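Go by the hints and put chain W onto chain S.
Just so you know, the protein sequences line up as chains S and W, in that order.
Residue numbering for the first sequence follows numbering that gives the first Met the number 0, starting at 0 and increasing by one per position.
Residue numbering for the second sequence follows numbering that gives the first Met the number 0, starting at 0 and increasing by one per position.
None of these hints come from the bench; they were simulated from the model.
Note that this is a predicted model, so its numbers are computed, not measured.
Hints may be right or wrong, so weigh each one.
[Claimed, not checked] Restricting the straight-line Cα-Cα distance to at most 30 Å, the calculated cross-link-like pairs of lysine-lysine (DSS-like) are:
| hint | chain 1 | residue 1 | chain 2 | residue 2 |
| --- | --- | --- | --- | --- |
| 1 | S | K86 | W | K58 |
| 2 | S | K86 | W | K14 |
| 3 | W | K14 | W | K58 |
| 4 | W | K35 | W | K58 |
| 5 | S | K86 | W | K35 |
| 6 | W | K35 | W | K22 |
| 7 | S | K423 | S | K86 |
| 8 | S | K185 | W | K22 |
| 9 | W | K22 | S | K326 |
| 10 | W | K58 | W | K22 |
| 11 | S | K185 | W | K58 |
| 12 | W | K35 | W | K14 |
[Said to hold, decoys possible] From the derived model, a few chain W residues whose C-beta atoms are all more than 10 Å from chain S:
| hint | residue |
| --- | --- |
| 13 | M0 |
| 14 | T2 |
| 15 | E17 |
| 16 | G28 |
| 17 | V33 |
| 18 | S49 |
| 19 | I65 |
| 20 | T72 |
| 21 | A78 |
| 22 | M80 |
| 23 | E81 |
Cβ atoms here follow ideal geometry from the backbone N, Cα and C, with glycine treated the same way.
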Amino acid sequence: MIDFLLRLLQGGAGNLAAYLAAHVLLCLLPAFFIAGAMAALIPKESVTRFLGRNTPRYISYPAASLAGSVLAVCSCTIVPLFAGIYKKGAGLGPAITFLFFAPAANILALAYTGVAIGPDLAFARLSLSLAFGIGIGLIMALIFSRDDAAHDKINDESFAGRRSIRRSVLLFLLILVALLLSGTLKIGLLTNAYGEINLPIPGLDTFQQALYQVVPFDPGKGEEGVTAQGAILIGLLALIGVTAWLGFENILERSNSWTWISLGLVALTLLVASVQLNPEVGGLNILITGKLVGVGLALVMIWLIGRFGLEEREVQEWLWESWRFIKQIFPLLVVGVFMVGVIRQLIRPEWIETLAGENTVLGNLAGVVFGVFMYFPTLVEVPIAKMFLSLGMHRGPLLAYLMADPELSLQSILIVSAIIGRLKAWTYVAWVALFSTLAGLIYGAWVDGASAGMILLYLAAFMGILSLALYLVSRRNLGKSAQTMAAVK
Amino acid sequence: MLTIKVLGSGCANCKRLEQLANKAVMEMGMQAEVVKVTDYNDIMQYPILSTPGLVINEKLVCSGRIPTQAEVTIWLVNAEMEAV
Chain S
0 MIDFLLRLLQ
10 GGAGNLAAYL
20 AAHVLLCLLP
30 AFFIAGAMAA
40 LIPKESVTRF
50 LGRNTPRYIS
60 YPAASLAGSV
70 LAVCSCTIVP
80 LFAGIYKKGA
90 GLGPAITFLF
100 FAPAANILAL
110 AYTGVAIGPD
120 LAFARLSLSL
130 AFGIGIGLIM
140 ALIFSRDDAA
150 HDKINDESFA
160 GRRSIRRSVL
170 LFLLILVALL
180 LSGTLKIGLL
190 TNAYGEINLP
200 IPGLDTFQQA
210 LYQVVPFDPG
220 KGEEGVTAQG
230 AILIGLLALI
240 GVTAWLGFEN
250 ILERSNSWTW
260 ISLGLVALTL
270 LVASVQLNPE
280 VGGLNILITG
290 KLVGVGLALV
300 MIWLIGRFGL
310 EEREVQEWLW
320 ESWRFIKQIF
330 PLLVVGVFMV
340 GVIRQLIRPE
350 WIETLAGENT
360 VLGNLAGVVF
370 GVFMYFPTLV
380 EVPIAKMFLS
390 LGMHRGPLLA
400 YLMADPELSL
410 QSILIVSAII
420 GRLKAWTYVA
430 WVALFSTLAG
440 LIYGAWVDGA
450 SAGMILLYLA
460 AFMGILSLAL
470 YLVSRRNLGK
480 SAQTMAAVK
Chain W
0 MLTIKVLGSG
10 CANCKRLEQL
20 ANKAVMEMGM
30 QAEVVKVTDY
40 NDIMQYPILS
50 TPGLVINEKL
60 VCSGRIPTQA
70 EVTIWLVNAE
80 MEAV
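So here's chain S without its partners, still in its complex pose:
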């Protein structure tokens, strides 16, 4: 019994350590700072002005998805903006598109999915969410077109503001994205080693062996061990946690020396994570990779722009928003990853394989149902999906699960139904479930070798029919309202 509990704990700790060491740093750390920059530096008016009531549909739907990916990194924006678009702005359709696209396309979810599971799945999640987000929006607008037409036609002043993104802010965001990409992309230019340094630090190789003993792992099950480099990174991460608490908590009032120490540690961590450390007998072999050059250059650029291109207040707000996201999401993620490691020990691969090992309708449905009824904190869906993948789940049902889980949870359904009413909310849920299943099937078919062109053709035809139907209905409504106007006169 004690043996069993110990095995569970080891599973949890091992999963956590492997995650913190390998994936989290080079992708999540920059991603948090990008999310912070988006929240603090992009004026909301730059996107919301395209979401007013008088905006034509071919602009408002893409703008709604853009708002979903750029503005909506946290619920502070998602719910008010959703209600605003629905009640005072472009209407139910774009509001639904926004709501659907936001959790799948924000920078944190995309970066994490790409690094932990694979860029192909991140890309599938993005493009299929975009297509289906707009699709569901159009369908909802079609079904409830009468309610939408009943809304007042006055363009609300909340959508009238016009501010655009400053050029230095745009550059700043681009460099941050470059930092993320140069740390995570697996292309030769970045992963090749261009030089090496040998440091006479003995003992690291035995340290690494000891780590393998403490955190046993099985590569066959998709588990990863903790290397000496990983252990160093976890140490650095803990230091960042402490110094960030001292330095960022009151950043909006003033920065202090802890702020600078913490930022220095973040930079150091990113640099250490981007080289390759090989502990050898009697010394440490460091490979200078292309990643190191890329990350280093990006860091210098970020410092230069932050120092000369942005106002002090903007930098403070950027750091505060980033820190707020880290504080809000990271602890839950750590607990979640630990729990996934524990549960991993209890699930037999055969169960998953029989249920969703192949790309069937039933398998995809199973993924969706699991996603709807389980509620996990933001981003925890990714390690869970990784666990399913290593247990033998097909990538199709996996995508179905990844689409359904963040979109639908009991909590979000309740909030949405408070705003748009129960009937509309449950109709939305039904469409999301259907479309997630469809997305899984399509992606699964592509993984199994169906040609991409045919799939795209089907998708395009489907979207075309939908928009045509919507166009016709809206014309009929317009005609009707014109008739009633005439009758009144």
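Only chain W this time, still in chain S's reference frame:
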């Protein structure tokens, strides 16, 4: 007397804004009541697209960001002058 409303469902930024409003009121030595509005239907009565929002005497002065204390003080003084 001023009525100050802090709009927000309880996220970190909303709590921060509430502290800030209380502090500004204290330092000005004003007669004011700070109310937290957490219900989304009540929040949406104001023209706001993201929380936190700050309302002084039923007028929305700021939304979607945390203002500085100096800004809050100016808004408070303006509202006081208008009320007289």
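Hints, one by one, checked against the model:
1. Using a Cα cut-off of 30 Å, the hinted pair S:K86 and W:K58 holds, with the two alpha carbons roughly 20 Å apart.
2. With a C-alpha separation of about 26 Å, the suggested pairing of S:K86 with W:K14 holds against the 30 Å cut-off.
3. Proposed proximity of W:K14 and W:K58 is supported: the alpha carbons are some 20 Å apart, at most 30 Å.
4. For a cut-off of 30 Å, the pair hint linking W:K35 to W:K58 stands: about 15 Å separates their Cα positions.
5. For the proposed pair S:K86 and W:K35, the alpha carbon gap of about 23 Å is at most 30 Å, so the pair holds.
6. Between W:K35 and W:K22 the CA atoms are separated by roughly 15 Å; this keeps the pair inside 30 Å, and the hint holds.
7. Annotation: proposed proximity of S:K423 to S:K86 holds, straight-line Cα distance about 14 Å (limit 30 Å).
8. With a C-alpha separation of about 50 Å, the suggested pair S:K185 and W:K22 falls outside the 30 Å cut-off, and the hint is violated.
9. Of the supplied pair hints, the one linking W:K22 and S:K326 holds, its CA atoms being roughly 24 Å apart against a limit of 30 Å.
10. For the hint linking W:K58 to W:K22, the alpha-carbon distance of about 20 Å falls within 30 Å, and the restraint holds.
11. Restraint check for S:K185 and W:K58: not satisfied, since their Cα atoms lie roughly 52 Å apart, outside the 30 Å limit.
12. For a cut-off of 30 Å, the pair hint linking W:K35 to W:K14 stands: about 9 Å separates their Cα positions.
13. Against the 10 Å criterion, W:M0 stays outside the reach of chain S, whose nearest CB is about 28 Å from its own CB.
14. The claim that W:T2 is not at the interface with chain S holds, since no C-beta of that chain comes within 10 Å of its own (minimum 21 Å).
15. The beta carbon of W:E17 is kept farther than 10 Å from every beta carbon of chain S, the shortest such distance being approximately 14 Å.
16. For W:G28, the non-interface assignment is confirmed: its Cβ lies about 21 Å from the closest Cβ of chain S, beyond the 10 Å cut-off.
17. Against the 10 Å criterion, W:V33 stays outside the reach of chain S, whose nearest CB is about 19 Å from its own CB.
18. The claim that W:S49 is not at the interface with chain S is violated, since a C-beta of that chain comes within 10 Å of its own (minimum 4 Å).
19. Separation of W:I65 from chain S is inadequate, the least Cβ-Cβ distance of about 6 Å not exceeding the 10 Å criterion.
20. With a cut of 10 Å on Cβ distances, W:T72 stays outside the contact zone with chain S, its closest approach being about 15 Å.
21. Here W:A78 stays apart from chain S, with its beta-carbon at least about 20 Å from theirs, past the 10 Å limit.
22. Separation of W:M80 from chain S is adequate, the least Cβ-Cβ distance of about 24 Å exceeding the 10 Å criterion.
23. With a least beta-carbon separation of about 20 Å from chain S, W:E81 lies farther than 10 Å from that chain, consistent with its non-interface assignment.
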